[in-house]
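Novice: Here is what each chain is made of, one letter per residue.
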Amino acid sequence: TQLLEQSPQFLSIQEGENLTVYCNSSSVFSSLQWYRQEPGEGPVLLVTVVTGGEVKKLKRLTFQFGDARKDSSLHITAAQPGDTGLYLCAGALKAAGNKLTFGGGTRVLVKP
Amino acid sequence: DSGVTQTPKHLITATGQRVTLRCSPRSGDLSVYWYQQSLDQGLQFLIQYYNGEERAKGNILERFSAQQFPDLHSELNLSSLELGDSALYFCASSVGSGGQGIAYEQYFGPGTRLTVT
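Top to bottom, those sequences are chains A and B. Position 82 of the first sequence, counting from 1, maps to 82 under our numbering, and the rest follow consecutively. Position 70 of the second sequence, counting from 1, maps to 1070 under our numbering, and the rest follow consecutively.
Worth flagging that the hints you see were computed from the coordinates, not collected in a lab. All of these numbers come straight from a predicted model, not from anything done at the bench. Certain hints may be false.
As the list claims (entries may be wrong) - Only pairs whose alpha carbons sit at most 30 angstroms apart, straight line, appear in this in silico DSSO-like list of lysine-lysine: (1) LYS70(A) to LYS1009(B); (2) LYS111(A) to LYS59(A); (3) LYS99(A) to LYS1057(B).
As the list claims (entries may be wrong) - Per label pair, the in silico range of CB-to-CB distance: (4) LEU3(A) to SER1079(B): 25 to 35 angstroms; (5) GLY16(A) to LEU1039(B): 36 to 46 angstroms; (6) GLU38(A) to ASN1051(B): 30 to 40 angstroms; (7) ASN1059(B) to VAL28(A): 16 to 26 angstroms; (8) GLU1105(B) to GLU38(A): 16 to 26 angstroms; (9) LYS1057(B) to SER26(A): 38 to 48 angstroms; (10) GLU1053(B) to PHE10(A): 13 to 23 angstroms; (11) GLU1053(B) to SER26(A): 42 to 52 angstroms; (12) GLN1044(B) to GLY82(A): 22 to 32 angstroms; (13) GLN14(A) to SER1079(B): 46 to 56 angstroms; (14) LEU1061(B) to GLN80(A): 39 to 49 angstroms; (15) ASP1001(B) to GLU15(A): 23 to 33 angstroms; (16) GLU1053(B) to ASN18(A): 44 to 54 angstroms.
A virtual CB, placed ideally from N, CA and C, is assigned to each residue, including glycine.
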C-alpha cells in the first residue's frame, strides 16, 4: 500500500471537459507538491501547498490542500491536449525532513 | 529547462556491469536527490545529499552508492547490474536540506534511461 494514493490511475477526456485528480493519505503532510511529467522527461513542479484548506490557482489548474493536510486535489478546467501527461502528487512528512513521498500518478489524456 | 543537468541521457549495458550516472544541480542548490522510476514501481526515492553529506536514505540497494563532490555535482554508482535495474534515474535539487519538515521545492533533471540487457 502506497503512503499516497492517487485516483484515478488513468483518465481520458475530450478537449474542453473538466477533470479532477485526487491524492489521499492517512498521514499528515507538512506540505504537498504537484508535478506534471511528460514521456521521457523529468517531473516539472506545478505548485506547492502548505496550509490546510489552501487553494492555489494556476491559470486553468486549481489545487486544494485538505483541511487536515492529508489529501489534495487538482482540478483542470476546459482541458486542452497540452494538459496531457502524468500528474504526480508528492508529500513531505515532518518526521522525514524533505524526503518526498510520491503517489503512483494519474495519467491524463486529453483528446482533441 | 529546470537547470539540473544529467548525463548520459541513455545508457545500455550488460548484466553484471557497473555504471556511473552524473548530475549537476541548479546553481545555488545544495541538496541533490536521486530517484528511480520504473513502470511498475513509480517514482522511488533513493538517496539525498546536502552540501556533500548524506542526509536521507530511501529504498537504495546495497549495490548502489552515491556521493556529492565539493563542487556539488553528484554521482550515482550502480554495480552488479541486473535486468530489474532497467529504469529511468532522475536527479533533483533544492536549495535547502529540508530539516524540520520544510519542503523545499525540488527541481528535476531530464533523467538517464538505463537499459540492462
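Novice: None of the hints should be skipped; say for each whether it holds.
Specialist: Hint-by-hint comparison with the structure:
The hinted pair formed by LYS70(A) and LYS1009(B) fails the criterion: a straight-line CA distance of about 36 angstroms is larger than 30 angstroms. A C-alpha spacing of about 20 angstroms is found between LYS111(A) and LYS59(A), which places the hinted pair at or below 30 angstroms, so the restraint holds. Taking the CA atoms of LYS99(A) and LYS1057(B), the gap is about 9 angstroms. The hint holds against a cut of 30 angstroms. Evaluation of the 25 to 35 angstroms hint for LEU3(A) and SER1079(B) yields a pass: the beta carbon distance comes to about 29 angstroms.
The given range of 36 to 46 angstroms is broken by GLY16(A) and LEU1039(B), whose C-beta atoms sit roughly 31 angstroms from each other. Separation of GLU38(A) from ASN1051(B) is about 31 angstroms and conforms to the stated range, judged on CB atoms against 30 to 40 angstroms. Distance hint check for ASN1059(B) and VAL28(A): the Cβ-Cβ separation is about 22 angstroms, which falls inside the suggested range of 16 to 26 angstroms. At about 19 angstroms, the beta-carbon gap between GLU1105(B) and GLU38(A) stays in the expected band of 16 to 26 angstroms.
Against the hinted window of 38 to 48 angstroms, the Cβ-Cβ separation of LYS1057(B) and SER26(A) comes to about 23 angstroms, which falls outside the hint. Checked against the hint of 13 to 23 angstroms, the pair GLU1053(B) and PHE10(A) fails, with Cβ atoms roughly 40 angstroms apart. GLU1053(B) and SER26(A) have their C-beta atoms about 32 angstroms apart, which leaves the hinted 42 to 52 angstroms range violated. Taking 22 to 32 angstroms as the suggested C-beta distance range, the pair GLN1044(B) and GLY82(A) conforms, at roughly 28 angstroms.
Taking 46 to 56 angstroms as the suggested C-beta distance range, the pair GLN14(A) and SER1079(B) conforms, at roughly 48 angstroms. Roughly 41 angstroms separates the CB atoms of LEU1061(B) and GLN80(A), a value that falls within the hinted 39 to 49 angstroms. One distance hint, 23 to 33 angstroms for the beta-carbon pair ASP1001(B) and GLU15(A), holds here, with the actual separation near 27 angstroms. A hinted range of 44 to 54 angstroms for the beta carbons of GLU1053(B) and ASN18(A) is consistent with their spacing of about 46 angstroms.
Hint compliance for this structure: hints 1, 5, 9, 10 and 11 are broken, all remaining hints hold.
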